[in-house]
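**Q** Each chain is listed here by its residues.
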Amino acid sequence: MIRIENLSKTFTMHNQGGAIIPVMAGGALQVAPGECVGLIGQSGAGKSTLMRMVYGNYLAASGRIMIGDLDVAQAAPRQIIRLRRETLGYVSQFLRVVPRVPTIEVVAEPLLQLGVEPAAARARAAALLAQLNIPERLWSLSPTTFSGGEQQRVNIARGFAHRYPALLLDEPTASLDAVNRAVVLDLILEAKARGAAILGIFHDEAARATVCDRLIDVTGFMPKAAA
Amino acid sequence: MTFHQPVQDTPLLRVTGLTKHYGARIGCADVSFDLYPGEVLGIVGESGSGKSTLLASLAGHLRPEFGRIAYDGRDVLAMSETERRRLSRTDWAYVHQNPRDGLRMGVSAGGNVGERLMAIGGRHYGDIRAKATDWLGRVEIAADRIDDRPSAFSGGMQQRLQIARNLVTAPRLVFMDEPTGGLDVSVQARLLDLLRGLVRDLGLSVIIVTHDLAVVRLLADRLMVMKSGHVVEQGLTDQVLDDPQHAYTQLLVSSVLQV
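Those protein sequence lines, which keep their order, are chains D and G. Take 1 as the starting number for the first sequence in my numbering and just add one per residue. Take 228 as the starting number for the second sequence in my numbering and just add one per residue.
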């Protein structure tokens, strides 16, 4: 479902003397449907950079990023928008929403974008929020004022609202207590069971052991220093 | 296994090589892009970058010297003035930065909305008033303000009224020039939320000009960055903002104050 081949990335800092910083070379991995692959490697090794490239948020310098039959590295913006709406979900560490939109709407939005009936979308959103222990009295409020852990859970509910065939998870269990951590791990296992291909970053080793089938150390994708 | 169907629709607006000079000075030069149904295109750049010239040229307020604008397969620049005016009353809408430029200040709120319906042949007073009331509700203006003049409204309400006036005729393409420009931030957030909902529910195509990167991040699917009349970079909005390729875009993004 996710297949990366010979991926490389450089940043060119035009306003800092045109410095060219290579950050990845020869990146390659595959994630099959129903499989969860964890990215490991020290901080700065390029785990988040790789995830962002898969999501189309960072441009690839070269290589292929196949999600189903679309190459994200070559795709037009509107193909990526459609991919993100239908096929590829992303749970980031931070919630970015329009202020004042109620939590329930934030979670239901990916389904509304797909044309799901508003009542059905809200019912699914409510079920997820309840499962993630967000008290019902908060559902009509904007999540911008919530605590870090609550925002994280709203973000997870939003990311799991639509049953994406492929999912990117960036530290989904960070800043969660034991109970909610278990709920999130269940959601991940459930997604695997229905056939989702998952690529994730988990610093929590026990979580990694519970959900990941394989680990890939991205240190191997760091460009070799010129000799 | 095909999760991803090829996208097969055709562009609503196809712009090629659009160029407008002011005497010897470049307004905008060689601008080309496609806009698809339901898509929101943001145009950013500093003052004088040509973004407003481009918008005005697209909307028919300025006459470009070169280039082509095809709307739904029709050559806009070759149309007669009558045809073009009909288009801007029915299929197109234009939301001005200053609501005073888009509203008739001496006419009631209901009249402002109803007027556009009458311009396209609406005659039944009861229907027009009912539709105007419905639209005031959709932009969150209380029904009991229908007979008040916009001059009695706050800036945010005036802007919402301008949007109702524009959308009542169910346009397919909406031009917006700094629609949140003169509003304070809490009012901006409310307007952004409203616009997002309307774009999604009505399937509108939108071209929005702004200098506010936070606004385009929340509203626009795609982004075009302009400098000195030229498009220097375009792409998926979050990609252009998070991984800018052109020197000018990098400067623009890194110059935003963090809060």
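Where hints are given, some of them may not hold.
[Said to hold, decoys possible] Examples of chain D residues toward chain G, derived with CB under 8 Å: (1) Leu114; (2) Val116; (3) Leu141.
[As the list claims (entries may be wrong)] Chain D stretches covered by chain G per the calculated footprint, using a threshold of three residues with CB under 8 Å from any CB of chain G: (4) 75-85; (5) 154-161.
[Said to hold, decoys possible] Using C-beta positions, here's what the derived DEER-type ranges look like: (6) Ala119(D) x Ala251(G): 23 to 33 Å; (7) Gln93(D) x Val483(G): 16 to 26 Å; (8) Arg316(G) x Ser140(D): 48 to 58 Å; (9) Tyr249(G) x Leu141(D): 20 to 30 Å; (10) Ala379(G) x Pro99(D): 52 to 62 Å; (11) Leu304(G) x Asn133(D): 31 to 41 Å; (12) Ala379(G) x Ala120(D): 34 to 44 Å; (13) Arg64(D) x Thr309(G): 50 to 60 Å; (14) Glu367(G) x Asp71(D): 41 to 51 Å.
In short, the hints are calculated from the structure, not lab data. Beta carbons are placed, not taken as given, at the ideal position from N, Cα and C, and that holds for glycine.
**Q** A separate judgement is required for each hint: does it hold in the structure or not?
**A** Structure-based check of each hint:
1. Hint on Leu114(D) is violated. Least Cβ distance to chain G is approximately 11 Å, over the 8 Å limit.
2. A least Cβ separation of about 12 Å between Val116(D) and chain G goes past the 8 Å threshold, and the interface hint is therefore violated.
3. With a cut of 8 Å, the hint placing Leu141(D) at the interface with chain G is violated, because the nearest CB-to-CB distance is about 14 Å.
4. Coverage of a stretch by a chain is defined here by at least three residues with a beta carbon nearer than 8 Å to that chain's beta carbons; for the stretch 75-85 of chain D and chain G the count is 7, and the condition holds.
5. With a cut-off of 8 Å between beta carbons, the stretch 154-161 of chain D has 0 residues touching chain G; three or more are needed, and the interface restraint is violated.
6. In this structure the hint that Ala119(D) and Ala251(G) lie 23 to 33 Å apart at CB is violated, the actual value being about 60 Å.
7. For the pair Gln93(D) and Val483(G), the supplied restraint of 16 to 26 Å holds, since their beta-carbon distance comes to about 20 Å.
8. Range check, Arg316(G) to Ser140(D): Cβ separation about 39 Å, and the 48 to 58 Å hint is violated.
9. Our hint of 20 to 30 Å for Tyr249(G) and Leu141(D) is violated, since their Cβ atoms are close to 50 Å apart.
10. A C-beta distance of roughly 27 Å is found between Ala379(G) and Pro99(D), which places it outside the suggested range of 52 to 62 Å.
11. Our hint of 31 to 41 Å for Leu304(G) and Asn133(D) is violated, since their Cβ atoms are close to 59 Å apart.
12. At about 41 Å, the beta-carbon gap between Ala379(G) and Ala120(D) stays in the expected band of 34 to 44 Å.
13. Here the CB-CB span from Arg64(D) to Thr309(G) is close to 52 Å, well matched to the stated 50 to 60 Å.
14. About 43 Å separates the C-beta atoms of Glu367(G) and Asp71(D), a value consistent with the hinted range of 41 to 51 Å.
In this structure, the earlier hints numbered 1, 2, 3, 5, 6, 8, 9, 10, 11 are contradicted, and the remaining ones agree with it.
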